[in-house]
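Peer 1: Take a look at the letters that make up each chain.
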Amino acid sequence: MGSLFQGGHLLSILIFFPAVGSLALLLLRGDDHVFIRRIALIVSVAEFLFSLLLLRGASLASGDYRLVEYGQWITAPPIHYHLGVDGISLFLVILTTFLTPISVIASWSSINHRIKEFFVMLLMLEVGVIGVFLSLDLFLFFLFWEVMLIPMAMLIGIWGHERRIYAAVKFVLYTMAGSILMLVGIIWLYNATGTFDLPTIQQMIQTGTLVIEPRAEMLLFLAFFVAFAVKVPLFPLHTWLPDAHVEAPTAGSVMLAGVLLKMGTYGMIRFCLPLFPEAARRAAPWVAVLAIIGIIYGALVALVQPNLKKLVAYSSVSHLGFVVLGIFAFRSISMQGAVYQMLAHGISTGALFLLVGMLYDRRHTFEISEYGGLATPMPKLAAFFLIAALASMGLPMLNGFVGEFLVLLGTYQSHGTWASWAALGVILSACYLLWSYQRVFFGEVTREKNKTLADASAREKFILVTMSIVMLWMGIGSTYFTRRTAAASQAVIDQVEPQRPYEARVPAAGGIRADVHAADSTNDLRDAKQIPAAVDVNR
Amino acid sequence: MFPRTDDLLRALPELIWCGFAMLAMLLQPFVRSRHFFTVLALLGALGGTGAAFVAGATPGEGFYGLIQSDVFSFFFRLLIGLVAVLVVLAADSYLEREKLPFAEFYALLLFATAGMGVLASARELLTAFIGLELSSISSYILAGFRRDSTKSSEASLKYFLLGSFATAFFLYGIALVYGATGTTNLGRMDDADPNSNLLKLGLSLILIGLGFKVAAAPFQIWTPDVYEGAPTPVTALFSAGPKAAAFALLLRIFASVPAATHFWFWAFWVLAALTMFAGNLGALLQTNVKRLLAYSSIAHAGYILVAFAAVTFMANDLNGGATPAYAAVLFYLLSYALVKIGAFTIVSEIGGWGEKNLTLDDYAGLAQRQPVAAAALSLYLLSLLGLPVTAGFFGKFYIFKAAVNSHLIWLAVLMAVNSIIGAYYYLRVIVVMYMREASAEAMAAAPVRFPVAVNVVLAVTAIGTVYFGLFPNQVLNFILQPNLIAR
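Those protein sequence lines, which keep their order, are chains C and V. Using the numbering used here, the letters of the first sequence map in sequence onto residues 228 to 766. Using the numbering used here, the letters of the second sequence map in sequence onto residues 133 to 619.
Derived by calculation from the structure, the hints in this document are not laboratory data. Take the hints with a grain of salt, since some may be wrong.
[Stated by the list, open to error] A few chain C residues that face chain V, going by a derived Cβ cut-off under 10 Å, partial list only:
#1 Y297
#2 I301
#3 A380
#4 M381
#5 V396
#6 L410
#7 M605
#8 P606
#9 A657
#10 C658
#11 W662
We put the CB at the ideal spot given by N, CA and C, even for glycine.
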């Protein structure tokens, strides 16, 4: 154990500080609610401040991992406690530590039974998520990936709404079904390389020491990709998401939309692309088609949603489609856009879920038809809702714009058709968000009960002002973020595109596509009916 | 002719277990204190476990090749001894509650333990048969120990009838193997012709006999009924001890007999696949927690058989290629025994007088009534499910690794599918405990206070589960020795 820590301990502190906090909570008596809430808030704010120290340690110039911690954990097989942070994981960690105190405050009065357990679970969730973002050992990554399932399922299942148990079980089973194959994939990769260490394997692939034959590479790629695609969620694996979101308590939804979905896209960037570049290139057209279907389908379903929370949930499916598209366009710009969109979506959708939760606290319903004309009794809440909705639909000057714009720009450079179809999603998002906003907030107050609703309380205003400032800052000062993510994004692209620019290979696309089909037909991990239709869309 | 000291030392654990069992029977008429027997049995179980170190320090053949003291038998004796200790601790309050005789129970328990110890260290098939009989016959009686319960008697009879068949298969298998090789000593079968049909038939009959003991499909039909009917501490024993011992013998036969080769690969492949599905699909619909755990133990036998398929795939690899697969079996049995004993102990305590509260509904809202019990049971279930930070996760991980090592990708995928099916019913119990409200009468009833001995069992199993989930190094390095099984 002596060699467990070399160099700084910041990353370990980041992972285990919330765990210590939640253990401390566990030992407290369960009936002093104010005290428990305060402890949870103090722990999560302190964690956020710790995570800001990452900004100092991370590098701007290169895509290398910083603040690395490396130590032997298990000898046979050699599993290491290997942590590190780069430009991509940096802001995802900060997003997590930022949204956790926000969730704590948002649950201040809306969670009123089994309070101690609630905050224990919330902090344990933070442990798992940060661990996922910081692990550089495949085994360690998988461990945190699975560990975070249980707290999230508990958050949904204990403090959720009517169909919470169904939603919680569905969430766990979907994620596990995806990840168990990833475990087989990880072991397979270990057998080929003799290590679980991500940078080492990356290096072996870059230098050509490790050559995986195309069919095996595609299978491995799929084993990882499906696990991540479930989490994102990519169409058609998205069906758990609306259930989980609608049933989860507000804090659960915020963490789910804000951070957990990003674990999927983060996994694609961190593992799928660098480890299986050839397979990723071959699968890219198919993935892009699924992403575009997700963008449009999510938006269309959101358009006809009578349930406000489900509407926001489907908008997530649509927005995450942009992220996946940006990743698989293999352009430096679109990759940066994808990373940016991950952060922006975390903030703006998080804000939308917080607002929907506030409406629910007042009326105990998500039905849009139950609302109407709310701007009259609660003008401040309406104003904040408008900001969040505009940010989510990608209005310039707000955070959503930068990500979507960069994704579309990068995608257009390599695949004009993809970008054109995806752009539909931007238009549709304006439709569903504005239309629902109009139905909820504008016009006459339609229900007698709604006339007397209280406007935002001081606590709620604090949350919303904070979120709005971040949205505005990310919209205006986007270079602060992109400067830090640029090198790491470029590094990923360099690994996928080692020799020549993507365009040079386009004439060969027909041949590549045939290969993909052959590989795919041997393992129907995807919906068989979907693929022919998907090709047409692409053309 | 008196046996040499070394021979006695090599069989010391079994001698101590048997000795204390007989002592308990002798003292029964004279000692009125019931808890005296608990202490006696505890001493016996601990003493035998301690003696495993003595036996382990005296490696070699004992009694002219009848038993073998090596790292392998040392590991299994420790495991079986640990199981016995924990079951003694868990049974005390149960016997008190059910007004059952103490002395006989502990005597039978120790005899069964000694039988398992013989099974795990036998190097000769007839010795193994004696071990099997010793543990089986004690088990039959233990299953029917609640005489006034029809379910318990039914379990006993069923177990006895089907078990006798299985033992007969086993014995007949030994006869055929003897016919084919001219010896019953596993260490002297080097010259046997691996292609002899007689040998193949004999080994397959042995496989059937032991397959019954480990509850491998299609020989698993008895398991749910027997597990449900037997007194719960006995069920805890059944799910951990005899299974480990039978797997030990199976591993010794198929790892050390050169004639048991690649030929058996498909047998284990099919057995594993069938067993996993039989267990997991059967468990899906159970509402009785004991039956649910019974089906789950069938499923876990299937996972272990996956590692056996890997063992036989690499059977003739003399460079130690199969060592990781052996280690997978051993580690899995350890993690599994801890978890199952812990889980059944909680089921035994929650069950209450006459084992009345066994349905899932009785567990509704347990997290609020008894948070510690609910948390511990959740930990065990998550370990069975194979979630990280539990020993079960590493167990499953090593089996996956052994399977992928042997290019058994499809079997690994089947196992992955089964893990997902398993996740559903394990989660269901957790969901019921944490997410459903308790009935009014359950809330009104005072929470069951666990006796100290039970708390010790829970602490040992829970800490063990987490410890081996975080730091499996020591155990692994120990069982990864190339000379694990003496040849």
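Peer 1: Are the hints correct? Go through all of them and say.
Peer 2: Hints, one by one, checked against the model:
1. Y297: Status violated, d = 17 Å.
2. I301: Nearest chain V Cβ about 6 Å off; hint holds.
3. A380: holds (8 Å)
4. M381: Result: holds, 6 Å to nearest chain V Cβ.
5. V396: holds (6 Å)
6. L410: Nearest chain V Cβ about 6 Å off; hint holds.
7. M605: violated (33 Å)
8. P606: violated (38 Å)
9. A657: With a closest approach of 39 Å, the A657 of chain C hint is violated.
10. C658: violated (37 Å)
11. W662: violated (36 Å)
Violated hints for the displayed structure, listed by number in ascending order: 1, 7, 8, 9, 10, 11.
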